[in-house]
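**Student:** The lines below spell out each chain.
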Amino acid sequence: MEGEGVQPPDENLENGSRPRFKWKKVLRLVVSGIKAAGLLLCVVYVCLQFSSSPAKDSPIQRLRAPVTGCEGGRLFIGTSKNEYETMEVQNNSVIINCDGLYLIHLKGSFFQEVKINLHFRKDRSPIFVPMLNNGQRVVFTVVTSLAFKDEVYLTVNASDTLCEHLQINDGELIIVQLTPNGYCAPERPYSSTVNQVPL
Amino acid sequence: MEGEGVQPPDENLENGSRPRFKWKKVLRLVVSGIKAAGLLLCVVYVCLQFSSSPAKDSPIQRLRAPVTGCEGGRLFIGTSKNEYETMEVQNNSVIINCDGLYLIHLKGSFFQEVKINLHFRKDRSPIFVPMLNNGQRVVFTVVTSLAFKDEVYLTVNASDTLCEHLQINDGELIIVQLTPNGYCAPERPYSSTVNQVPL
Amino acid sequence: MEGEGVQPPDENLENGSRPRFKWKKVLRLVVSGIKAAGLLLCVVYVCLQFSSSPAKDSPIQRLRAPVTGCEGGRLFIGTSKNEYETMEVQNNSVIINCDGLYLIHLKGSFFQEVKINLHFRKDRSPIFVPMLNNGQRVVFTVVTSLAFKDEVYLTVNASDTLCEHLQINDGELIIVQLTPNGYCAPERPYSSTVNQVPL
Chain V
1 MEGEGVQPPD ENLENGSRPR FKWKKVLRLV VSGIKAAGLL LCVVYVCLQF SSSPAKDSPI
61 QRLRAPVTGC EGGRLFIGTS KNEYETMEVQ NNSVIINCDG LYLIHLKGSF FQEVKINLHF
121 RKDRSPIFVP MLNNGQRVVF TVVTSLAFKD EVYLTVNASD TLCEHLQIND GELIIVQLTP
181 NGYCAPERPY SSTVNQVPL
Chain S
1 MEGEGVQPPD ENLENGSRPR FKWKKVLRLV VSGIKAAGLL LCVVYVCLQF SSSPAKDSPI
61 QRLRAPVTGC EGGRLFIGTS KNEYETMEVQ NNSVIINCDG LYLIHLKGSF FQEVKINLHF
121 RKDRSPIFVP MLNNGQRVVF TVVTSLAFKD EVYLTVNASD TLCEHLQIND GELIIVQLTP
181 NGYCAPERPY SSTVNQVPL
Chain U
1 MEGEGVQPPD ENLENGSRPR FKWKKVLRLV VSGIKAAGLL LCVVYVCLQF SSSPAKDSPI
61 QRLRAPVTGC EGGRLFIGTS KNEYETMEVQ NNSVIINCDG LYLIHLKGSF FQEVKINLHF
121 RKDRSPIFVP MLNNGQRVVF TVVTSLAFKD EVYLTVNASD TLCEHLQIND GELIIVQLTP
181 NGYCAPERPY SSTVNQVPL
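Protein chains in written order, with full-length UniProt numbering: chain V, 1 to 199; chain S, 1 to 199; chain U, 1 to 199.
Please keep in mind that the hints were generated in silico from the structure rather than gathered at the bench.
This one's a predicted model, so the numbers in the text were calculated from it and none came from an experiment.
Among these hints, one or two may not hold up.
Note that identical chains are pooled: a pair holds if it fits in a single copy or bridges any two copies.
[What the hints assert, rightly or not] Straight-line C-alpha distance at most 25 Å; calculated BS3-like pairs for lysine-lysine:
#1 K24 x K107
#2 K149 x K122
#3 K25 x K122
#4 K35 x K115
#5 K122 x K35
#6 K22 x K149
#7 K22 x K122
#8 K115 x K22
#9 K22 x K107
#10 K115 x K24
#11 K35 x K149
#12 K149 x K25
#13 K35 x K24
#14 K122 x K24
#15 K107 x K122
#16 K115 x K25
#17 K25 x K35
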């Protein structure tokens with residue numbers, strides 16, 4: 001019977017190659033240990049990437065809009081649907097959604113002497129815009145700190161001309177955020193009151 | 001004979017520890033299932049990363065060049081081999097390769113009254129540069145939208161002096177892109193007509 | 001005895017399903033090969049990510065500080081603890097740590113005519129700041145190249161008033177780096193000589 005004559009298969013191995021078989025077992029253990037560690041490393045890394053996926057940088061806030069006239073005492077800021085539009089214009093005011101330092105540039109030529117003030121925050125005095133060519137031309141660049149809820153608009157007055165009769169040539173307003181990645185208010189549905197003007 | 005006395009090895013197990021053996025088999029299945037899922041997750045993630053490797057941000061387009069004289073009615077724009085050079089100068093024109101909003105800054109002092117115009121696009125009127133100190137000094141900053149194929153150059157004229165006789169002190173032109181990651185034309189081999197000037 | 005009647009378990013398989021068994025073995029080899037390759041790919045990718053983890057972009061260097069008076073012939077630059085402070089002010093000088101192109105903006109109103117010069121490097125002539133409103137108002141924007149060890153400060157003099165008696169309204173200095181990721185000196189411990197002023 002087997003018990004006396006025929007040894008179970010494993011026993012046959014052990015006599016002749018017991019150390020080889022042990023070494024093989026250790027090797028197999030080490031390999032699967034390494035494989036498990038490698039897999040664990042990868043899975044942990046992937047999970048970390050997903051959980052800490054870098055907050056998508058908010059796009060640089062910017063606006064480039066034609067300034068084409070005067071309406072209700074304010075310069076009329078048109079908007080043009082091109083890739084520079086990441087800021088909204090409402091009632092000739094540029095709505096600020098993200099905190100940061102902004103570059104504001106205004107240029108244009110008038111047919112009469114005008115005085116322009118740049119407003120951006122209720123409790124702050126406006127910036128009086130220096131003019132050129134006896135008050136008939138503006139090429140003005142300023143840097144200021146703006147924050148969510150600010151609204152940038154430009155009031156204009158001419159001593160002898162009604163606002164609505166003011167004519168402007170080559171008028172343009174550019175606002176660019178210089179320090180992106182500050183606080184940004186959640187985006188609101190784009191309202192329809194913007195002044196659609198072909199650029 | 002075996003049939004009566006000696007059972008095959010597996011049968012020996014089953015009687016005494018059949019549930020334990022089944023449980024081991026299920027465990028082994030679950031473990032290898034988890035390992036396979038983990039591996040699949042990692043491989044899919046790695047492939048996604050490779051396939052969607054974020055387009056390398058194009059470097060911010062910028063130029064800082066000395067303005068040292070006048071040539072052919074244009075201010076002579078030298079170029080200096082330093083890390084600010086990502087834009088090419090040809091025939092005293094700065095070649096624009098990437099769309100975006102740019103800050104252009106010009107400064108310098110002349111020995112006579114001059115008038116400078118900033119040109120950047122064929123079908124657009126140039127920007128008349130306001131001067132200081134009776135037209136003998138310029139410290140001018142403007143923001144404008146430039147696009148591929150635009151060329152920035154500065155025409156200068158003085159009522160009583162030939163262009164080539166104009167002398168400029170501390171002249172410098174700086175152009176910096178404020179909104180990188182717009183469209184960029186594929187890079188062309190750098191041509192040799194630029195004006196090499198030690199800064 | 002076994003030799004004649006009872007074959008070892010493997011032998012039983014071979015006769016009837018030898019090709020099936022071989023095919024299974026090949027399949028198992030292929031699967032573990034794929035698993036090993038997949039695991040290797042992931043581990044190599046993860047290691048590459050760790051070893052080449054993108055140098056953390058240095059934050060855009062910027063300062064927005066109130067300018068509130070005059071001290072030792074220099075405009076007094078206060079500092080306010082808000083998120084715009086990534087630059088240090090010492091002895092009314094803004095310390096430059098990172099190379100790059102910077103936008104410098106100064107605004108303010110005085111009660112007398114003043115002359116202001118913008119200094120930033122020992123061996124460079126200062127920039128004479130153009131004034132408005134008969135020298136009593138400044139709204140000035142300039143772009144210049146600054147480097148580690150530069151110090152930005154503003155000297156001011158008034159023909160008939162002592163520096164310490166000069167009064168300024170709505171004075172503000174803003175400095176913003178336009179080309180981040182240039183060379184930055186290692187950060188030094190923040191010194192205590194800065195002028196703490198509530199903004």
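**Student:** Run every hint past the structure and note whether it holds.
**Tutor:** Now for the hints, and whether the structure bears them out:
1. K24 x K107: The answer is neither: 81 Å in one copy and 78 Å across copies each exceed 25 Å.
2. K149 x K122: Cα proximity of K149 and K122: one copy only (10 Å, versus 39 Å across).
3. K25 x K122: neither (78 Å within a copy, 73 Å between copies)
4. K35 x K115: Neither: 75 Å inside a chain and 73 Å across chains, both beyond 25 Å.
5. K122 x K35: neither (64 Å within a copy, 61 Å between copies)
6. K22 x K149: neither (74 Å within a copy, 67 Å between copies)
7. K22 x K122: neither (82 Å within a copy, 76 Å between copies)
8. K115 x K22: neither (94 Å within a copy, 90 Å between copies)
9. K22 x K107: neither (85 Å within a copy, 82 Å between copies)
10. K115 x K24: neither (91 Å within a copy, 87 Å between copies)
11. K35 x K149: neither (55 Å within a copy, 51 Å between copies)
12. K149 x K25: neither (69 Å within a copy, 64 Å between copies)
13. K35 x K24: Answer is both: 16 Å inside a copy and 21 Å across each meet the 25 Å cutoff.
14. K122 x K24: Neither: 80 Å inside a chain and 73 Å across chains, both beyond 25 Å.
15. K107 x K122: both (24 Å within a copy, 19 Å between copies)
16. K115 x K25: neither (90 Å within a copy, 87 Å between copies)
17. K25 x K35: Both ways: K25 and K35 sit 15 Å apart in one copy and 20 Å across, limit 25 Å.
In terms of the numbered hints stated before, the structure departs from hints 1, 3, 4, 5, 6, 7, 8, 9, 10, 11, 12, 14, 16, listed from lowest to highest.
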